[in-house]
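Engineer: The task is simple: from the sequences and hints, build the whole structure.
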Amino acid sequence: MRISVLLYLIIASSLLLIGNTSSYFKDIEKSYNNTFTAGSAYIANHLVISEVQIKGDGDRDHDFIEIYNPTDSDIDLSNYKGGYVKLVKYTSEGTKCRIKSWQNEPSIVPSHGFYLWASSKDDNYPSKIGADCSTKEYLASDNAVALELSDGTVIDLVGWGASIVNETLSFPFNPQNNQSIERKALFSSDNTTMGYGEDKHLGNGHDTNNNFNDFILRDCSDPQNSSSSKEDPPWPPYGG
Numbered sequence: 085m086r087i088s089v090l091l092y093l094i095i096a097s098s099l100l101l102i103g104n105t106s107s108y109f110k111d112i113e114k115s116y117n118n119t120f121t122a123g124s125a126y127i128a129n130h131l132v133i134s135e136v137q138i139k140g141d142g143d144r145d146h147d148f149i150e151i152y153n154p155t156d157s158d159i160d161l162s163n164y165k166g167g168y169v170k171l172v173k174y175t176s177e178g179t180k181c182r183i184k185s186w187q188n189e190p191s192i193v194p195s196h197g198f199y200l201w202a203s204s205k206d207d208n209y210p211s212k213i214g215a216d217c218s219t220k221e222y223l224a225s226d227n228a229v230a231l232e233l234s235d236g237t238v239i240d241l242v243g244w245g246a247s248i249v250n251e252t253l254s255f256p257f258n259p260q261n262n263q264s265i266e267r268k269a270l271f272s273s274d275n276t277t278m279g280y281g282e283d284k285h286l287g288n289g290h291d292t293n294n295n296f297n298d299f300i301l302r303d304c305s306d307p308q309n310s311s312s313s314k315e316d317p318p319w320p321p322y323g324g
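Residues in the sequence shown are numbered consecutively from 85, following this note's numbering.
Among the clues, some could well be false.
Derived Cβ-Cβ restraints for the label pairs, each shown as a range [as the list claims (entries may be wrong)]: (1) ASN261 with GLY281: 20 to 26 Å; (2) ARG144 with THR179: 19 to 25 Å; (3) ASN262 with CYS181: 23 to 29 Å; (4) ALA246 with ASP143: 17 to 23 Å; (5) ASP206 with SER313: 25 to 31 Å; (6) GLY279 with ASP316: 16 to 22 Å; (7) PRO194 with TYR280: 20 to 26 Å; (8) ARG144 with GLY279: 19 to 25 Å; (9) ASN294 with ASN261: 23 to 29 Å; (10) GLY167 with LYS284: 32 to 38 Å; (11) VAL238 with ASN188: 18 to 24 Å; (12) ILE248 with ARG144: 25 to 31 Å; (13) LEU233 with ASN262: 14 to 20 Å.
Here are the simulated SDA-like cross-link-like pairs (lysine to any residue), alpha carbons at most 20 Å apart as the crow flies [stated by the list, open to error]: (14) LYS212 with PRO318; (15) LYS173 with ASN258; (16) LYS314 with PRO194; (17) LYS184 with SER310; (18) LYS170 with LYS212; (19) LYS220 with PRO194; (20) LYS170 with ASP216; (21) LYS284 with LEU253; (22) LYS184 with ASP160; (23) LYS212 with LEU253; (24) LYS205 with THR175; (25) LYS184 with ASP216; (26) LYS205 with ASN262; (27) LYS180 with LYS220; (28) LYS173 with LYS205.
What the hints contain is simulated information worked out from the structure, not anything from laboratory work. Small disclaimer: the values here were computed from a predicted structure and weren't measured. For every residue, glycine included, the Cβ atom is placed at its ideal position computed from N, Cα and C.
Structural biologist: Pasting the structure below:
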């Protein structure tokens, strides 16, 4: 019996390695009306793109990219994994453009917290949503965005619609006015549990390197910044 319990713990805590990034797998028990069911989470041990909006009211350029830190340590975007972080986008044709670079610009993403970029093409929008930073770049249908290190190493990537750049498969929908695509907390998460259900405050750390499986479509976006409340992932990862 002791051996079988130990074997279960080893399997449940096994390390999942995918490409250049890694996640940790854990079976999660969740209670629904006093009935426990198993969920699963592949929690990233690195920065992830957690939510993206590409248009606001009347197709205005109310674009934002939210970053989530699922690790137990604050992360400085100007000094991460031996380099600085860049936020880039890929157009529908696959052309790569820089959105923002944090070279020599210390900027903290709190442990279990968020960081928010917004397009300043509409000058008032970044302050309206409390963006931590802004640039004139903007997003569109069938695009992709990525977090990269200064040497070009991809930290995280998400493509949507018919984007030709993605992790395994793109998220299949282009968000419409005031909608967003949001990274899940658990594999079983959906737009109801992430919007106002039991997964809402479990962070956005679920990462299997497959955009199709890792994101949901929100009917109403919810941008969060570095001052927003922290959200603990269902199983804390280790390291950054």
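Engineer: Decide, hint by hint, whether the structure agrees.
Structural biologist: Hints and how they fare:
1. The beta-carbon spacing between ASN261 and GLY281, approximately 23 Å, falls within the hinted interval of 20 to 26 Å.
2. Between ARG144 and THR179 the Cβ separation comes to about 23 Å, which falls inside the hinted range of 19 to 25 Å.
3. In this structure the hint that ASN262 and CYS181 lie 23 to 29 Å apart at CB holds, the actual value being about 24 Å.
4. A hinted range of 17 to 23 Å holds for the C-beta pair ALA246 and ASP143, which are about 18 Å apart.
5. ASP206 and SER313 have their C-beta atoms about 26 Å apart, which keeps the hinted 25 to 31 Å range intact.
6. Checked against the hint of 16 to 22 Å, the C-beta distance between GLY279 and ASP316 comes to roughly 18 Å, which is consistent with it.
7. Under the hint 20 to 26 Å, the C-beta atoms of PRO194 and TYR280, about 24 Å apart, fit the expected range.
8. Look at ARG144 against GLY279: about 23 Å separates their beta carbons, and that is inside 19 to 25 Å.
9. A hinted range of 23 to 29 Å for the beta carbons of ASN294 and ASN261 is consistent with their spacing of about 27 Å.
10. Checked against the hint of 32 to 38 Å, the C-beta distance between GLY167 and LYS284 comes to roughly 33 Å, which is consistent with it.
11. Taken as a hint, the range 18 to 24 Å holds for the pair VAL238 and ASN188, whose Cβ atoms sit roughly 22 Å apart.
12. Separation of ILE248 from ARG144 is about 26 Å and conforms to the stated range, judged on CB atoms against 25 to 31 Å.
13. Separation of LEU233 from ASN262 is about 32 Å and departs from the stated range, judged on CB atoms against 14 to 20 Å.
14. At roughly 31 Å between alpha-carbon atoms, LYS212 and PRO318 are farther apart than 20 Å, so this suggested pair is violated.
15. Restraint check for LYS173 and ASN258: satisfied, since their Cα atoms lie roughly 15 Å apart, inside the 20 Å limit.
16. A threshold of 20 Å between alpha carbons decides the hint, and for LYS314 with PRO194 the separation of about 8 Å falls inside it, so the pair holds.
17. Taken as a hint, the LYS184 and SER310 pair is honoured in the structure, with Cα atoms around 17 Å apart against an allowance of 20 Å.
18. For a cut-off of 20 Å, the pair hint linking LYS170 to LYS212 is broken: about 24 Å separates their Cα positions.
19. With a C-alpha separation of about 25 Å, the suggested pair LYS220 and PRO194 falls outside the 20 Å cut-off, and the hint is violated.
20. Taking the CA atoms of LYS170 and ASP216, the gap is about 15 Å. The hint holds against a cut of 20 Å.
21. Proposed proximity of LYS284 and LEU253 is contradicted: the alpha carbons are some 25 Å apart, above 20 Å.
22. Taking the CA atoms of LYS184 and ASP160, the gap is near 14 Å; set against the 20 Å cutoff, the hint holds.
23. Proximity of LYS212 to LEU253 is assessed by CA-CA distance (about 33 Å); at most 20 Å being required, the pair is judged violated.
24. Taking the CA atoms of LYS205 and THR175, the gap is about 17 Å. The hint holds against a cut of 20 Å.
25. Restraint check for LYS184 and ASP216: satisfied, since their Cα atoms lie roughly 12 Å apart, inside the 20 Å limit.
26. Between the alpha carbons of LYS205 and ASN262 the distance comes to roughly 16 Å, so the proposed pair stays at or under 20 Å and holds.
27. A distance of roughly 16 Å separates the Cα atoms of LYS180 and LYS220; the hinted pair therefore holds under the 20 Å criterion.
28. Between the alpha carbons of LYS173 and LYS205 the distance comes to roughly 16 Å, so the proposed pair stays at or under 20 Å and holds.
Comparing the model with each numbered hint stated earlier shows that hints 13, 14, 18, 19, 21, 23 do not hold.
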